[in-house]
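Since the structure of chain A is already known, use the hints to place chain B on it.
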Amino acid sequence: MPPVLAANAVEKRYGRVNALSGVDLEVEEGQLVGLLGPNGAGKSTLVKIACGLVRPSGGSVEICGAAAGSPGARRTLGYLAELFRFPSWMSADELLTLHQRLAGSPGGPAERAELLELVGLAHARKTRIAAMSKGMQQRLGIAQALVGSPRLLLLDEPTSALDPAGRRVVRGLLEELRRRGTSVLLNSHLLSEIELVCDHVVIVDHGRVVAAGTPDALRRQGGVEIETASGTRRFEDARRSDVPRLVRELVGAGEQIYGVRILASSLEDVYLEVVD
Amino acid sequence: MTTIVLYGLRESLRRKMFAVVLVLTLFFLGLYSWGAHEAFKDTRNFVGPGQQRLNSEDLAGAIVFGLAMFATLFLGAMLSVFLTLNVVRGDAEAGLLQPLVVRPIGRTQLLLARFIGAAGVCAAYVLLVYFISLGVMRWAGGWSPDRIISPGIELAAAVVVVSAIALAGSVFLSPIANGIGTLMIFGAGLMAGLLGEIGHAINSQKLQHISRIAWWVLPFDALYEDALHRLTIDTTGFAKVVLELGPFGGSHRAGTPLLVWSAVFLALVLAAAVAAFSVRDL
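Residue numbers (my numbering), protein chains in the order written: chain A, 1 to 276; chain B, 1001 to 1282.
One chain only, chain A, in its complex shape (with noise of 0.2 Å):
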């Protein structure tokens, strides 16, 4: 079976400018992969690409086998730009059936009703877009990209203009498309945001991959430090499985230990690290 979304040496230039420079990225079945990078690495050219909205200069992405922008490929997944806006005229229900009838989805009224719950507007079903905040509209945004239950969603800094009782609610809701096997392309500025919900973390930084992998791979080991009587010990270089090593010889020493705790790593440093 395929990967839902396959980049291979992706490549696009705007003039003289490289956007992206051989950009290989794989989204597994039911895996929710966070896209991290400063603004201006090639993030948000990534996803566009995938959706079929840019063409990419060189290389290939693949959405469920088919090449992306092609019917078939857009008929496979579900889109939330980073900047958009609706028909402010629509109800958030007018605008769910335009995207039902335009991907040709059978949900009908259910559907519609469900994924407004989802995304915790069901009591704003006749509401028009215009008397809706800038959060209901990005709320509305994800449920628009779930009509016809797509196998996989690009989601592009869904929630850079929600609060943090907004953010939850997105956070929940990835980690219920998570449970229903949703493939999810998550690019987003919020590194705790990234840490908290994805499996496969990939970072960019100047239109190139500079580290890629589990956020727990991804996170180094930074040493061990152990509380006792005569005060805290750091060990620099010692790894969890040298924790019961250095216990015994520090109680076999007479001290007493109070703590141990393992050094990381967090997201934030690793970041930091690999961007520029």
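What the hints contain is simulated information worked out from the structure, not anything from laboratory work.
Among these hints, one or two may not hold up.
[As the list claims (entries may be wrong)] Under 10 Å between C-beta atoms, here's a sample of chain B residues computed to sit facing chain A: (1) T1003; (2) R1010; (3) D1091; (4) A1094; (5) Q1098; (6) P1099; (7) L1100; (8) V1101; (9) R1103; (10) D1234; (11) A1276; (12) V1279; (13) L1282.
Remember, it's a predicted structure, so these values are computed and weren't measured experimentally.
Ideal placement from N, C-alpha and C gives every residue a C-beta, glycine not left out.
Okay, now just chain B, sitting in the frame of chain A:
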């Protein structure tokens, strides 16, 4: 495709521009009714030079209705430009287009559906104002043009051509630049028509030739002048001469090749817009 056409229609009807055009139209129709009534009254006993026989109803009717046709063309063109000037680049910059483009409908269908929606509104508007103006002429002076249906269709077609030009411009230009550009093209087409009229009056073959070339480059003016021509197609004699020197570009027969070319021109402009849109990064 129907979904996008209906979406485009609803979007068009909700634009403030549509309300502005409606208000202007009501204002125009009010003034026009008054003016037509006065024109018929004042020309009732009008005769040509040297007591030549002149049907004053034909004269007043054709000239005043020709003026209404120009106003309808102008308002229809304004409406068409403002409904289509931001279909691609403007909507993409606002973030309205991307959620639609990623759906399986495809860019070609999306663009053509938006065109059908906007052009449909404009054509319906032009036909409505045309037939209301016609009703005013019957009420004010009991006058009817020699042809009733075909001039209205040609006038609507001229506005549809302007819509296609604005739509194609929207792929390349920002809304303001596209609006200015399309209105300048529209103005240039009308000016070329006037130039031809001046050439006709002073018997300058070169001016008439330039005007004919402009007809092929911008065929909406040819459609407009042919529509004017059909108003008095059966009129002869001195009245015909007077009517050919209409107030805003003369009435001239465009001929079948030019009418066919207008349809081809429309198809070519739309094809160019679709081709450019299909490769445009959004």
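Verification of the supplied hints:
1. Hint status for B:T1003 relative to chain A: holds, with the closest Cβ pair at about 4 Å, below 10 Å.
2. Checking B:R1010 against chain A: minimum C-beta separation of about 8 Å stays under 10 Å; hint holds.
3. For the restraint placing B:D1091 at the interface with chain A, the shortest Cβ-Cβ distance is roughly 9 Å, inside the 10 Å limit, so the hint holds.
4. Annotation: interface hint on B:A1094 holds; nearest CB of chain A at approximately 5 Å, less than 10 Å.
5. Taking 10 Å as the C-beta contact cut-off toward chain A, the hint placing B:Q1098 at the interface holds, the least distance being around 5 Å.
6. Checking B:P1099 against chain A by beta carbon gives a least distance of about 6 Å; that is within 10 Å, so the hint holds.
7. Taken as an interface hint, B:L1100 checks out: its beta carbon lies about 7 Å from the nearest beta carbon of chain A, inside 10 Å.
8. A least Cβ separation of about 6 Å between B:V1101 and chain A falls short of the 10 Å threshold, and the interface hint therefore holds.
9. At about 4 Å, the closest approach between the beta carbon of B:R1103 and any beta carbon in chain A falls short of 10 Å, and the interface hint on this residue holds.
10. Annotation: B:D1234 was flagged as interfacial toward chain A, and the flag is violated, the nearest CB pair being 48 Å apart, outside 10 Å.
11. At a threshold of 10 Å, the smallest CB-CB gap from B:A1276 to chain A is about 13 Å, leaving the interface hint violated.
12. The criterion of a C-beta within 10 Å of any C-beta in chain A is met by B:V1279, whose closest approach is roughly 7 Å, and the hint holds.
13. Given hint, B:L1282 at the interface with chain A, holds; its Cβ is 4 Å from that chain's nearest Cβ, closer than 10 Å.
The structure does not agree with the numbered hints 10 and 11 stated previously, though it agrees with the rest.
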